[in-house]
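My request is simple: use the sequences and hints to build the entire structure.
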Amino acid sequence: MNEITRRKLISGGVAAAAGVAGLGAADRIAKRYGLIPPDSGGIYGPGETLTYACQRVLNVTRPAREFPPSMISRNPFANEIAPPTAAFKQLQAGGFRDWRLVVDGTVAHPLVLSLADLKAMPVRSQITEVACEEGWSYVAEWIGTPLSNVLREAGVLPQTRYIVYHAFEKNLWGSIDMADAWDEHTLLTMGMNDGDLPVPFGGPLRMRLPRQLGYKSLKFVTHITATDDIRKFGKGLGSVDPEYGYSWYAGI
Amino acid sequence: MALLITGALIVISHPRFYWGEVGNVNTKPLFVIPIPSSRDTVPTSFGYVMPDENGWSRYLHFEAAWVCVLTALVYGIYGVVSGHFRKNLVPDRHDLNWRAYGERIAQYLRRRPPDRTEETSYNVLQRTAYLVVIFVLFPLVIWTGLAMSPAFTASFPLTVELLGGRQSARTIHFLVSWLLLFFLIAHLTMVAVSGFRSRMRGMITGTVKSSGEDP
Numbered sequence: 001m002n003e004i005t006r007r008k009l010i011s012g013g014v015a016a017a018a019g020v021a022g023l024g025a026a027d028r029i030a031k032r033y034g035l036i037p038p039d040s041g042g043i044y045g046p047g048e049t050l051t052y053a054c055q056r057v058l059n060v061t062r063p064a065r066e067f068p069p070s071m072i073s074r075n076p077f078a079n080e081i082a083p084p085t086a087a088f089k090q091l092q093a094g095g096f097r098d099w100r101l102v103v104d105g106t107v108a109h110p111l112v113l114s115l116a117d118l119k120a121m122p123v124r125s126q127i128t129e130v131a132c133e134e135g136w137s138y139v140a141e142w143i144g145t146p147l148s149n150v151l152r153e154a155g156v157l158p159q160t161r162y163i164v165y166h167a168f169e170k171n172l173w174g175s176i177d178m179a180d181a182w183d184e185h186t187l188l189t190m191g192m193n194d195g196d197l198p199v200p201f202g203g204p205l206r207m208r209l210p211r212q213l214g215y216k217s218l219k220f221v222t223h224i225t226a227t228d229d230i231r232k233f234g235k236g237l238g239s240v241d242p243e244y245g246y247s248w249y250a251g252i
Numbered sequence: 253m254a255l256l257i258t259g260a261l262i263v264i265s266h267p268r269f270y271w272g273e274v275g276n277v278n279t280k281p282l283f284v285i286p287i288p289s290s291r292d293t294v295p296t297s298f299g300y301v302m303p304d305e306n307g308w309s310r311y312l313h314f315e316a317a318w319v320c321v322l323t324a325l326v327y328g329i330y331g332v333v334s335g336h337f338r339k340n341l342v343p344d345r346h347d348l349n350w351r352a353y354g355e356r357i358a359q360y361l362r363r364r365p366p367d368r369t370e371e372t373s374y375n376v377l378q379r380t381a382y383l384v385v386i387f388v389l390f391p392l393v394i395w396t397g398l399a400m401s402p403a404f405t406a407s408f409p410l411t412v413e414l415l416g417g418r419q420s421a422r423t424i425h426f427l428v429s430w431l432l433l434f435f436l437i438a439h440l441t442m443v444a445v446s447g448f449r450s451r452m453r454g455m456i457t458g459t460v461k462s463s464g465e466d467p
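These protein sequences, in sequence, are chains A and B.
Residues in the first sequence are numbered consecutively from 1, following our numbering.
Residues in the second sequence are numbered consecutively from 253, following our numbering.
The hints are simulated quantities; they were obtained by calculation from the structure and are not laboratory data.
Some hints here could point you the wrong way.
What the hints assert, rightly or not - Reference excerpt, derived from the structure (chain A facing chain B, CB under 7 Å, subset only): (1) 44; (2) 47; (3) 55; (4) 58; (5) 59; (6) 65; (7) 75; (8) 134; (9) 136; (10) 211; (11) 212; (12) 244; (13) 246; (14) 251; (15) 252.
To be verified - Estimated spans, in silico, between C-beta atoms of each pair: (16) 373(B) to 75(A): 56 to 62 Å; (17) 235(A) to 434(B): 40 to 46 Å; (18) 360(B) to 22(A): 44 to 50 Å; (19) 84(A) to 292(B): 16 to 22 Å; (20) 43(A) to 394(B): 21 to 27 Å; (21) 179(A) to 348(B): 49 to 55 Å; (22) 179(A) to 427(B): 31 to 37 Å; (23) 69(A) to 354(B): 52 to 58 Å; (24) 82(A) to 435(B): 42 to 48 Å.
To be verified - If you want the ones that stay clear, here's a sample from chain B, every Cβ over 10 Å from chain A, calculated: (25) 327; (26) 329; (27) 331; (28) 343; (29) 347; (30) 348; (31) 355; (32) 359; (33) 386; (34) 448; (35) 450; (36) 453; (37) 456.
Cβ coordinates follow ideal geometry from the N, Cα and C atoms, glycine included.
And the structure:
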């Protein structure tokens, strides 16, 4: 009896130690390979971290599903946008000629780009689905310049870990990791279905991330900041979404 | 339970269901749940909008899904290795005919008490129900859940294409959740009817006292 208890105690202790060491090692590996999302704290942190880590292990380069032109939705749903401010209306009246995209942070050459500058870069188009966290979805053709073009021109420094993007209304912002930032399917979108991107759909400039839910595809983008420390932004959760209770990573 | 409740809360933000790849308020739904919505963009016959509970519901839904999947993995491996599925869940060969099923259904309908052997073994109806839940409904609900993930379907496009599209996956996910809820209700009712205390003791400790000894 005594023997068994002692053996159990020893093996239990060894298992516990191995478990703690394993967790410690897993934590180090996860941090090293960028498998921990900015909103990994709190009671939902473990689930969120598992999801993000698995998606990053499964897929860094495979693009989102693309569709044939026949599947483009005839009546896409734009969802609600906040009423445009006077400043926005003024830019709209000028045909967005004075719309500027500021690129700064951990870059060698900070940039200020007009829509014409962006259109002068290599442009691509892709037919992808917008899926909202509420459950609805539609397919559209999106035309724009890959974010990676802008990052290359600005000379993103090697310590950069996240790209933060702000909307015209500064209280709306998000961020993505470098895997998504360098992905050529991450588009600074200016056109939709062979026309200019309409304002209700985020025109004149929308960040499109087809491998994540719609709320990561921020409308009215005006400012991009490369950073090596995401905690400096907002409440340090990676985007404004976790501050409202929504997860930072929207690839599910 | 966490999955069912948070799932229901998420449905409230868009209680319309579609078939195929896409669906939104501008497309014709397959069916609509007649409840108010938590979004004012969704037309309902109600004059008010429910509070938005999607954020924490989604966090909890996916975390609970991880617990469910990991537990199922352990259970599945144990079930195969220990022979639990083969011994206790696959119906006996002599029970695999319509008559055996008919007799069991008749027994339930006439509310005849089961004989002593059923205290330690499942009958053919129970076995079939458990097999369907374990090997059809749970895998299906996990599959259709993953088929709604834009990142997962980027890695494995076939997982959603085989189902006929993203909205089909969502609709199947919703319907299978109802079947699982029905199973849960039926299961709990049966447990309650057959003696809650002795059944719970059986589930947790793995031993069952014969009814003669039960106080």
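Problem - Verdict on residue 386(B) as a residue remote from chain A, using beta-carbon distances over 10 Å - result: Label holds. Min Cβ-Cβ 23 Å, cutoff 10 Å.
Problem - Outcome for the supplied range 56 to 62 Å, where the beta carbon pair is residue 373(B) and residue 75(A) - result: holds (57 Å)
Practice task
For the hint on residue 136(A), just tell me whether its beta-carbon gets within less than 7 Å of chain B.
Solution key: holds (4 Å)
Handout entry: Exclusion check [residue 448(B) not at the chain A interface, CB over 10 Å]
Key = holds (31 Å)
Practice task
Mind checking the hinted window 21 to 27 Å against the Cβ distance between residue 43(A) and residue 394(B)?
Solution key: holds (22 Å)
Problem - C-beta pair residue 179(A), residue 427(B): status relative to the range 31 to 37 Å that was hinted - result: Once the Cβ atoms are compared, 35 Å apart, the range 31 to 37 Å for residue 427(B) and residue 179(A) holds.
Practice task
Grab the minimum C-beta distance from residue 134(A) to chain B and call the hint holds if it beats 7 Å, violated otherwise.
Solution key: holds (4 Å)
Handout entry: Cut-off 7 Å, beta-carbon criterion: hint that residue 212(A) touches chain B
Key = holds (6 Å)
Exercise for the section: Take a quick look at residue 355(B) and tell me if its Cβ sits farther than 10 Å from every Cβ on chain A, holds or violated. Expected result: It holds; residue 355(B) is separated from chain A by about 44 Å at its closest Cβ, greater than 10 Å.
Handout entry: Non-interface claim for residue 359(B) versus chain A (Cβ beyond 10 Å)
Key = holds (43 Å)
Exercise for the section: Given the range 40 to 46 Å, decide if the beta-carbon distance of residue 235(A) to residue 434(B) lies inside it. Expected result: holds (42 Å)
Exercise for the section: Determine whether the Cβ-Cβ distance between residue 179(A) and residue 348(B) falls within the hinted range of 49 to 55 Å. Expected result: Cβ of residue 179(A) to Cβ of residue 348(B): about 51 Å, so the range 49 to 55 Å holds.
No hint from the list above goes unmet by this structure.
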